[in-house]
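Novice: So you can see what is in the structure, the chains are spelled out below.
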Amino acid sequence: MRVAVMATCLGDAMFPEAPRATVRLLRRLGVEVDVPDAQTCCGQPMVNTGYLDEAVPLVRTTVSAFAGYDAVVVPSGSCAGSVRHQHRMVADRADDAALRRGVADLVPRTHELSEFLVDVLGVTDVGASFPHRVTYHPTCHSLRMLRVGDRPLRLLRAVHGIDLVELPRADECCGFGGTFAVKNADTSVAMGSDKARHVRETGAEVLVAGDASCLMHVGGLLSRQRAGVRTMHLAEVLAATADDPAGVG
Amino acid sequence: MARTFVGMPPFPVAARSALSDTRLRRNLAHATGTIREKRARVVAEVEDWEDLRRQAAAVKDATLARLDEHLLTLEAALTARGATVHWARDAADACAVVADVARAHGVDEVVKVKSMATQEIGLNEALAAQGIAAWETDLAELIVQLGDDLPSHILVPAIHRGRAEVREIFRTRMAAAGRPAPDDLTDDPAALAGAARLHLREKFLRARMAVSGANFAVAETGTLVVVESEGNGRMCLTLPEVLVSVVGIEKVVPTFGDLDLFLRLLPRSSTGERMNPYTSTWTGVTPGDGPQEVHVVLLDNGRTRALADEVARPVLRCIRCSACLNVCPVYERVGGHAYGSVYPGPIGAILNPMLTGVGSDPATDALPYASTLCGACGDVCPVAIDIPGLLVHERVRVVDAHRADPRPKPEALAMRAAAWVLGDSRRMALGERASGLAGRLRTRRAAPGGRGVLGWLPFPGSRWTGARDLPTPPVESFRAWWRRTGRDEGQGRR
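First to last, the sequence lines map onto chains W and C. If you count the first sequence from 1, you need to add 38 to reach the numbering used here. If you count the second sequence from 1, you need to add 3 to reach the numbering used here.
Some hints here could point you the wrong way.
What follows is a list of derived Cβ distance ranges for each label pair [as the list claims (entries may be wrong)]: (1) W/R126 - C/R419: 20 to 26 Å; (2) W/D134 - C/D24: 47 to 53 Å; (3) W/G187 - C/D103: 45 to 51 Å; (4) C/G293 - W/D133: 37 to 43 Å; (5) C/G452 - W/V203: 20 to 26 Å; (6) W/A265 - C/G10: 49 to 55 Å; (7) W/P206 - C/G458: 45 to 51 Å; (8) C/A404 - W/S102: 51 to 57 Å; (9) W/A265 - C/A43: 27 to 33 Å.
Derived by calculation from the structure, the hints in this document are not laboratory data. No experiment lies behind these values; they were computed from the predicted model shown. Here a beta-carbon is modelled for each residue, glycine too, at the ideal position from N, C-alpha and C.
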């Protein structure tokens with residue numbers, strides 16, 4: 039099986055720990071991993087702000103970069119959701135039949151990380167070890183766009199040594215919302231403050247989620263508060279082992 | 004009511020002041036939390052809830068696809084049963100019809116059943132301008148009206164008020180509108196309701212004309228339906244001699260049997276009740292019983308604009324239950340006034356731009372952006388409107404409406420620039436090398452993992468760092484790491 043990792047633009051440029059951990063994790067599970075050089079960004083920031091024309095070149099780039107792989111693994115619920123639920127709209131906008139076919143071909147091959155592990159590889163115990171108190175925030179697009187359900191939690195529960203505590207009001211949005219975070223910064227921060235409060239109530243040392251963007255937002259608030267809680271991508275926790283606690287090699 | 008939503012600042016500005024109102028925040032968190040839990044409980048009881056949602060969406064879509072025919076059927080049925088049907092293109096048309104009827108009967112006051120359509124057209128203000136007082140009889144609407152306030156929720160328009168505030172409004176404002184509140188009025192909910200009951204009773208008994216909306220209009224029979232919880236609606240619909248109902252054209256359902264579906268979905272979604280307490284139906288004029296002169300104003304006011312947009316059309320399925328408001332994390336924090344319309348929350352963020360059009364009013368253009376696209380609204384909608392999808396659709400329409408602007412907005416320029424950089428992996432890699440240099444900057448604080456912490460950025464970065472830290476960019480991007488080690492490491496392990 040030829041598997042490509044979609045790093046996502048945020049993962050590539052700002053949070054390389056997440057795609058790096060994804061690569062290491064998949065390799066540990068015996069998957070042959072490739073990272074196509076040509077990939078950039080799925081276009082979600084443009085689509086969700088209403089700039090459809092601007093998203094067209096990015097969707098083209100994504101479709102061609104990931105052509106030919108059996109599976110594309112995305113360590114981000116919202117970027118996987120963008121490919122599966124929004125790329126078609128962009129191809130329609132471009133009125134390009136070839137692009138529409140390319141999107142239709144890419145959509146069923148695109149998997150969010152927890153979906154790929156549980157559904158395609160059929161594993162929940164990935165052999166990880168992470169002896170820390172952890173709480174998990176299920177990000178909105180994983181939950182309500184992709185419907186990943188409890189897959190991430192099943193993966194986390196199988197991690198050796200983990201002390202996993204439930205996050206109060208877990209399914210409520212953290213307030214990031216892409217450009218919402220700056221266009222409506224006050225409301226975004228008000229929502230994020232409540233999320234950060236719930237995180238602190240758990241006494242967790244680490245907040246885990248499947249989207250670097252949401253973690254950047256809640257993590258930014260926790261850092262400002264000197265809350266003593268760090269954020270980690272789900273892939274980082276699953277990549278961590280007793281021999282390699284940091285999980286990034 | 005002197006206050007209107009006209010001229011209110013755009014959402015981000017209005018939200019900012021709402022967020023600093025601590026009492027509002029507490030009232031809203033408590034009230035929406037309570038309704039949310041009630042709804043979730045009673046919806047969980049219905050095994051085939053998802054089927055009901057799909058059926059309701061299908062009935063509405065089929066009706067909207069042939070709305071012209073159903074409206075003519077409705078008009079014929081209403082006329083045959085002695086009602087007078089009026090067609091209103093816009094708010095001014097509809098208000099004029101109601102005022103004309105009032106003048107024809109020489110009345111200077113009307114009692115009102117809670118109605119979103121009459122709020123939408125600003126009927127109370129239009130009637131006041133002609134010297135006709137319109138008395139709201141729904142408890143929450145009464146609180147809003149006496150307080151010279153604006154509604155902030157579709158179902159619970161005074162949701163932003165606590166009971167101490169209600170007591171104060173009743174104590175100081177009731178006398179000017181009729182029977183005063185008792186001197187010993189407490190903030191006990193039963194006492195407050197009792198005061199409202201006494202205040203309203205004299206209006207019910209005196210009024211010769213009533214104005215209502217309708218939750219549903221059955222085309223085949225000409226039957227209008229109002230659902231309410233207090234019995235005030237039934238008073239208005241039965242006691243006066245003249246009844247005028249302002250009904251949005253999307254309220255039509257083809258047959259009486261269709262009501263079954265909607266009367267199961269609406270109460271559970273709306274008040275969290277299994278069954279609606281007062282469901283009134285009336286069909287034209289019944290000789291010797293109830294109002295002897297019945298008018299129905301069929302209101303367009305932008306609905307045909309939404310109807311013409313095939314993507315946006317499902318917004319007209321909306322049955323005004325307000326479940327989307329109660330689950331919306333944005334609404335829960337800022338309340339309804341920030342949306343600048345009688346339709347707040349997620350549904351308002353798509354409905355208002357669709358009714359009025361985008362591209363000319365900054366406040367309207369800001370509404371589709373008043374959401375994180377978290378999707379909670381779409382999940383609870385009883386008629387399965389894809390609210391997050393339509394929010395994106397409306398954003399696209401806003402952007403497209405401004406594409407020809409002589410001076411593009413900074414945001415548009417930024418998006419174009421970002422699309423150019425991200426349109427090619429070599430350009431993106433160059434950008435990452437530049438940001439990697441910034442990653443070498445020494446900062447005062449370090450984040451876990453050793454990266455620096457940016458606590459302050461100049462505008463527009465200050466929008467982020469006003470309350471949130473940002474890690475410094477990594478010295479090595481993922482792309483660079485893969486080039487340096489990843490690929491080889493991968494081959495080594497194969």
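Novice: Run every hint past the structure and note whether it holds.
Specialist: Now for the hints, and whether the structure bears them out:
1. W/R126 - C/R419: 20 to 26 Å: Since W/R126 and C/R419 have Cβ atoms about 23 Å apart, the given range 20 to 26 Å holds.
2. W/D134 - C/D24: 47 to 53 Å: 49 Å, holds
3. W/G187 - C/D103: 45 to 51 Å: This hint is violated: roughly 58 Å between Cβ atoms.
4. C/G293 - W/D133: 37 to 43 Å: Violated - the Cβ-Cβ distance for C/G293 and W/D133, about 57 Å, lies outside 37 to 43 Å.
5. C/G452 - W/V203: 20 to 26 Å: 22 Å, holds
6. W/A265 - C/G10: 49 to 55 Å: 41 Å, violated
7. W/P206 - C/G458: 45 to 51 Å: 28 Å, violated
8. C/A404 - W/S102: 51 to 57 Å: 31 Å, violated
9. W/A265 - C/A43: 27 to 33 Å: Since the Cβ atoms of W/A265 and C/A43 sit about 30 Å apart, the hinted range of 27 to 33 Å holds.
Checked against the numbered hints listed earlier, the structure breaks hints 3, 4, 6, 7, 8; every other hint is satisfied.
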